[in-house]
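Protein sequences appear in the order of chains A and B. Basically my numbering = 1-based index in the first sequence + 14. Basically my numbering = 1-based index in the second sequence + 46.
Hints are computed from structural coordinates only; laboratory data are not their basis. Ideal Cβ positions, reconstructed from N, Cα and C, are used throughout, including at glycine. Some hints could be false.
To be verified - Facing chain A, from chain B, some residues (calculated, C-beta under 7 Å):
#1 V77
#2 S80
#3 M81
#4 G83
#5 L131
#6 E137
#7 Q141
#8 D144
#9 A145
#10 E148
#11 N151
#12 M152
#13 G155
#14 D166
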Amino acid sequence: MDNVRVLIIDDSSVMRKIVERSLRQAAINLATVLEAGNGVEALAVLNKEQVDLIFCDINMPVMDGLEFLQQLPGVANAKGAQVVMITTEGGESHVARALQSGAKGYMRKPFTADQVKEHVLPLLV
Amino acid sequence: MKPMNTMTSKLDLSNERESWPPLLGLAAREVFESMLGSSLEPGPDSFNEEEFDITAMVGLAGRICGILTLRCTVEAATLMSSKMLGIDAAEAGPQMYDAFGEVCNMVAGNFKNKIAGIDDATMLSVPTVITGADYSLRALTDSGKIEINLLFESFPLIISLQVHS
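One chain only, chain A, in its complex shape (with noise of 0.2 Å):
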């Protein structure tokens, strides 16, 4: 998929900046990068804007990565939208609540532009 409109949220603004640039060293066409710093600025974003891609840190304050994921269904312009996981919490049951509440990859940090190809690709046909 070109053109690829992609929201990436974490509470560290280093971390956004991370994940974007390995998504560009990963050869994602990218459209737009939105970003936001936990859960509730992420749903004001996709009020506003709609994505195909969401990369989202799970530990943030105010609004958690999971709660997030609770909330997204409702949003008209995430339908559609991959959600990739991707925190330093790589603990089983975090990895089984994530998917469970729709996200469709989870990945731990530290990982590589080729492990972030990996994930990403199979989502964007």
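Could you slot chain B onto chain A? The hints should help.
Relative to the frame of chain A, chain B by itself:
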């Protein structure tokens, strides 16, 4: 019975601690290779720690309670942020603090992911970064300290884990 389980868990964890230094080193190497494209090399037995003027800390709470720190020079931390973000060191600016904290966070997370049975039961704090060298750190720990001396692009780097049993 709960008390027995608790005691068994503590004993198991205590026995596992011998494997922690290599796992901590491996966790750090993986973070630096994946996120910075740099190989960490083993360092000498001791460094001149007076030259270290930045420290990143992440707390662990739960099955493992303690604190993980990364110490190095601001110059080294700036290089880490430039490599991680793909920018010139001169452009790193205040992002350096966040990037250095994230490196510490990822080392702590990757380390706990490598220890069976503690991942879901141990949480990480948000990272804290301290600049300057004139301070002493006292943590409520009683199980000694794992300390690994490394070289990052020829810069000295110390990774420490202090654990409270």
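Hints versus structure:
Given the 7 Å rule on beta carbons, the hint for V77 of chain B holds: about 5 Å separates it from the nearest Cβ of chain A. Interface hint at S80 of chain B: satisfied, since its Cβ lies 4 Å from the closest Cβ of chain A, which is below the 7 Å cut-off. Because the closest C-beta pair between M81 of chain B and chain A is about 5 Å apart, less than 7 Å, the hint holds. For G83 of chain B, the interface hint is violated, the least distance from its beta-carbon to any beta-carbon of chain A being 9 Å, above 7 Å.
Of the supplied interface hints, the one on L131 of chain B holds, with its beta-carbon coming within about 6 Å of a beta-carbon of chain A, less than 7 Å. Below 7 Å, beta-carbon pairs count as interface contacts, and E137 of chain B has none with chain A, the closest being about 12 Å; its hint is therefore violated. Of the supplied interface hints, the one on Q141 of chain B holds, with its beta-carbon coming within about 6 Å of a beta-carbon of chain A, less than 7 Å. Look at D144 of chain B: its Cβ gets to within about 4 Å of chain A, closer than 7 Å, so that hint holds up.
Given the 7 Å rule on beta carbons, the hint for A145 of chain B holds: about 5 Å separates it from the nearest Cβ of chain A. A distance limit of 7 Å between C-beta atoms decides the matter here; for E148 of chain B the minimum to chain A is near 5 Å, and the interface restraint holds. The criterion of a C-beta within 7 Å of any C-beta in chain A is met by N151 of chain B, whose closest approach is roughly 6 Å, and the hint holds. Look at M152 of chain B: its Cβ gets to within about 5 Å of chain A, closer than 7 Å, so that hint holds up.
Evaluation of the G155 of chain B hint against chain A yields a held restraint, the C-beta minimum of about 3 Å falling below 7 Å. With its C-beta approaching chain A no nearer than about 4 Å, D166 of chain B sits inside the 7 Å limit, and its interface hint holds.
This entry does not satisfy hints 4, 6, going by the numbered hints stated previously.
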